[in-house]
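Residue numbers (my numbering), protein chains in the order written: chain A, 1 to 529; chain B, 1 to 133.
It is worth saying that the hints were derived from the structure and are not from the lab. Built from N, CA and C at the ideal position, the CB exists for glycine as well. Hints may be right or wrong, so weigh each one.
[Said to hold, decoys possible] What follows is a set of in silico ranges between Cβ atoms, one per label pair, in the way DEER data are often shown:
1) B:66 x A:6: 20 to 30 Å
2) B:130 x A:17: 16 to 26 Å
3) A:296 x B:71: 50 to 60 Å
4) A:8 x B:71: 37 to 47 Å
5) A:398 x B:129: 49 to 59 Å
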Amino acid sequence: MATPPNMSAADFADGLSAMRSAVGADWVFDQPADLNTYRDFYSVLWGEPEEKVASAAVAPANVEEVQQVVRIANERRIPIYPISTGRNLGYGGSAPVLSGSVVLDLKRMNRVIEVNEDNCSCLVEPGVSFFDMYRHLQESGSKLMMSVPDPGWGSLVGNALDSGGGYTVQGYRGHFEAVCGIEAVMADGELFRTGMGALPGSETWQQYRMGIGPCMDGLFRQSTLGVVTKMGFWMFPRPEAWLSASVSVMRYEDLEELVRIANELEYGNIFNGMPGFSSPVLTQGNPIVMAMVPDAAEMNRMVEESGIPAWSFSPNFYGPEKVIRAQWEYVQSRFAHIPGVRFAEQSFVDLPISAEDMERIHKPRFGIPSLEIFNVGSRGYGDFNPSDGHIWFSAVIPRSGKGIIDANRVMRRECERLGLDLFMFAPAVTCWTRSFVLFAAVPVYKDPARNQHLREAVREIIDICAEHGWGEYRCPPAFMDDVMGAYSFGDHKLRRVNEAIKDALDPNGILSAGRYGVWPKHLREGRGA
Amino acid sequence: MITRRDLIKWGMVAPALAAGSQAAFAAAPQGLDALLVDERFPFDDAPLHAGVPVMRFAGDVTRVWYEVLDARWRERGFVLGGITGSDALFVLETLATHQGRRVVTRTPLAEPDARGVAPVSWVIAPHHPSVAA
Numbered sequence: 001m002a003t004p005p006n007m008s009a010a011d012f013a014d015g016l017s018a019m020r021s022a023v024g025a026d027w028v029f030d031q032p033a034d035l036n037t038y039r040d041f042y043s044v045l046w047g048e049p050e051e052k053v054a055s056a057a058v059a060p061a062n063v064e065e066v067q068q069v070v071r072i073a074n075e076r077r078i079p080i081y082p083i084s085t086g087r088n089l090g091y092g093g094s095a096p097v098l099s100g101s102v103v104l105d106l107k108r109m110n111r112v113i114e115v116n117e118d119n120c121s122c123l124v125e126p127g128v129s130f131f132d133m134y135r136h137l138q139e140s141g142s143k144l145m146m147s148v149p150d151p152g153w154g155s156l157v158g159n160a161l162d163s164g165g166g167y168t169v170q171g172y173r174g175h176f177e178a179v180c181g182i183e184a185v186m187a188d189g190e191l192f193r194t195g196m197g198a199l200p201g202s203e204t205w206q207q208y209r210m211g212i213g214p215c216m217d218g219l220f221r222q223s224t225l226g227v228v229t230k231m232g233f234w235m236f237p238r239p240e241a242w243l244s245a246s247v248s249v250m251r252y253e254d255l256e257e258l259v260r261i262a263n264e265l266e267y268g269n270i271f272n273g274m275p276g277f278s279s280p281v282l283t284q285g286n287p288i289v290m291a292m293v294p295d296a297a298e299m300n301r302m303v304e305e306s307g308i309p310a311w312s313f314s315p316n317f318y319g320p321e322k323v324i325r326a327q328w329e330y331v332q333s334r335f336a337h338i339p340g341v342r343f344a345e346q347s348f349v350d351l352p353i354s355a356e357d358m359e360r361i362h363k364p365r366f367g368i369p370s371l372e373i374f375n376v377g378s379r380g381y382g383d384f385n386p387s388d389g390h391i392w393f394s395a396v397i398p399r400s401g402k403g404i405i406d407a408n409r410v411m412r413r414e415c416e417r418l419g420l421d422l423f424m425f426a427p428a429v430t431c432w433t434r435s436f437v438l439f440a441a442v443p444v445y446k447d448p449a450r451n452q453h454l455r456e457a458v459r460e461i462i463d464i465c466a467e468h469g470w471g472e473y474r475c476p477p478a479f480m481d482d483v484m485g486a487y488s489f490g491d492h493k494l495r496r497v498n499e500a501i502k503d504a505l506d507p508n509g510i511l512s513a514g515r516y517g518v519w520p521k522h523l524r525e526g527r528g529a
Numbered sequence: 001m002i003t004r005r006d007l008i009k010w011g012m013v014a015p016a017l018a019a020g021s022q023a024a025f026a027a028a029p030q031g032l033d034a035l036l037v038d039e040r041f042p043f044d045d046a047p048l049h050a051g052v053p054v055m056r057f058a059g060d061v062t063r064v065w066y067e068v069l070d071a072r073w074r075e076r077g078f079v080l081g082g083i084t085g086s087d088a089l090f091v092l093e094t095l096a097t098h099q100g101r102r103v104v105t106r107t108p109l110a111e112p113d114a115r116g117v118a119p120v121s122w123v124i125a126p127h128h129p130s131v132a133a
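Construct all of the structure, not just a fragment, from the sequences and the given hints.
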């Protein structure tokens with residue numbers, strides 16, 4: 001049996017025995033076949049001695065059992081690694097960052113505690129999946145819409161804590177941005193509530209996020225400081241309709257103006273849906289991989305010869321038909337001065353969605369979870385060289401035309417130089433408010449030699465992006481130290497502050513050791529090795 | 001919990017699934033509660049109407065999982081056999097594991113295509129005591 005680092009088999013067995021007493025013997029897993037299910041199936045360390053694996057897993061049924069397990073771990077200094085459903089493929093799945101940790105699997109805590117139709121909010125446990133919530137909303141006849149990622153098989157809580165994103169309305173589709181109220185079990189086993197949840201008798205936990213003093217919700221994002229056992233979310237009232245449109249321009253030089261006006265319109269709430277930015281002429285060969293942006297003369301020549309626009313911006317609108325059609329009309333007026341600009345209404349859908357529309361829509365745009373992506377897109381477009389999964393490289397870049405072009409050129413050039421395959425590449429994803437995030441899906445394999453090359457190349461890309469001021473917002477465990485290392489302002493003050501908070505709140509360093517580059521004191525020198 | 005007897009029983013079903021639809025559906029009533037067929041891979045449909053219920057899909061498991069399997073997998077028992085693409089099996093296996101189930105047999109039926117997807121026959125059965133029959 002694997003054991004946590006620096007722990008004897010006897011002490012570990014004693015800890016697991018105590019955990020069995022807390023949650024029941026059927027819910028403690030320490031056999032190889034059980035632990036295999038907690039591996040990261042997209043790991044870039046698959047099958048290598050350094051692969052991050054669990055020593056055991058424990059699945060409590062309620063908050064009290066979580067508290068007992070945490071106290072047992074804290075008394076014995078057993079590292080534990082909470083997961084909600086562990087479906088975060090491409091960013092680590094259900095495997096711990098520190099090998100030998102006990103995975104705290106919260107899948108049994110799957111209660112939708114409340115959906116408040118008037119407040120447009122919900123309160124859920126971490127094991128509630130997007131499918132669970134969708135079913136709940138459907139069966140209760142709710143008038144609310146949630147934002148879902150794609151695929152939608154993960155947990156609302158887990159996805160928000162990792163800063164996942166959806167495709168719907170501004171302020172909701174950046175899933176941590178929609179959080180209002182957190183309950184967490186801290187390392188000492190005590191229960192903590194953020195915001196108005198700290199006020200006994202309050203009915204405003206899911207209304208006012210801040211409470212009093214520093215806003216504590218951020219302590220739990222991508223963190224090592226607590227086990228989140230409840231989370232509140234703001235939800236969007238289901239709109240009457242959805243309209244998707246496009247604004248296309250025909251010159252290389254038009255991108256800056258296109259993005260500048262689009263930003264102003266979004267920040268002014270003229271459109272509320274997730275906008276898209278792309279280059280039709282540079283995605284002719286593969287719609288999910290944008291080719292390298294050539295110089296202006298070459299790109300304009302390509303546009304002239306093909307008749308395909310250089311750039312496109314796709315605003316999306318949710319609301320009453322009368323309102324969103326007026327908004328679209330206004331959007332068009334703002335771009336009308338650009339020579340050769342083209343406008344098109346791409347799609348209009350009335351809600352509730354008809355059976356006919358259901359067959360043609362991208363469901364996550366409407367808060368409907370789906371697994372279709374595993375069938376159509378997870379392995380690349382067309383006859384892409386098959387892989388065994390992928391990781392995401394996702395760096396925050398400036399929200400401007402120059403930001404798109406610079407990031408595109410640097411990434412395409414450096415990935416080609418390093419021999420790094422990409423099966424999806426989009427330099428301007430907009431799930432998160434006011435941000436462009438460069439997204440690249442990098443294939444991983446079950447072949448250690450290929451993965452070793454991949455790891456070295458990705459580390460180099462992280463450094464290159466950092467030199468340009470672009471930092472990842474999220475990453476797989478193998479690169480968490482590297483990415484945190486890139487946020488180096490003030491001699492790595494960000495990491496040092498995180499470590500100081502870690503030492504204060506989790507002095508024995510039992511919770512999620514190493515997550516996003518924050519290690520407990522006793523593992524800091526060797527960074528968990 | 002999967003018993004030795006269960007494994008032997010499903011071990012007999014799996015080669016039958018691998019042999020093709022005729023043998024598979026003839027063998028299915030011995031140990032399976034339902035069969036899942038991925039229509040991306042052509043099979044003889046003739047024997048489907050006798051015996052075990054057959055569910056069909058074409059690559060995307062969302063609907064069959066959401067409308068049928070999610071509920072059945074929350075209950076005790078329910079042994080599911082399938083002939084599907086390996087990509088669909090990956091999704092189903094992940095979802096099944098979450099609900100105390102395991103793939104107890106799997107047999108590739110052909111070489112992977114250019115996208116790395118191969119047809120596979122398999123059996124998913126309850127494993128954890130909370131869902132054992």
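Results for each hint:
no., hint, verdict
1, B:66 x A:6: 20 to 30 Å, "violated, 45 Å"
2, B:130 x A:17: 16 to 26 Å, "holds, 21 Å"
3, A:296 x B:71: 50 to 60 Å, "holds, 57 Å"
4, A:8 x B:71: 37 to 47 Å, "holds, 45 Å"
5, A:398 x B:129: 49 to 59 Å, "holds, 54 Å"
Comparing the model with each earlier hint shows a violation of hint 1 alone; every other hint is respected.
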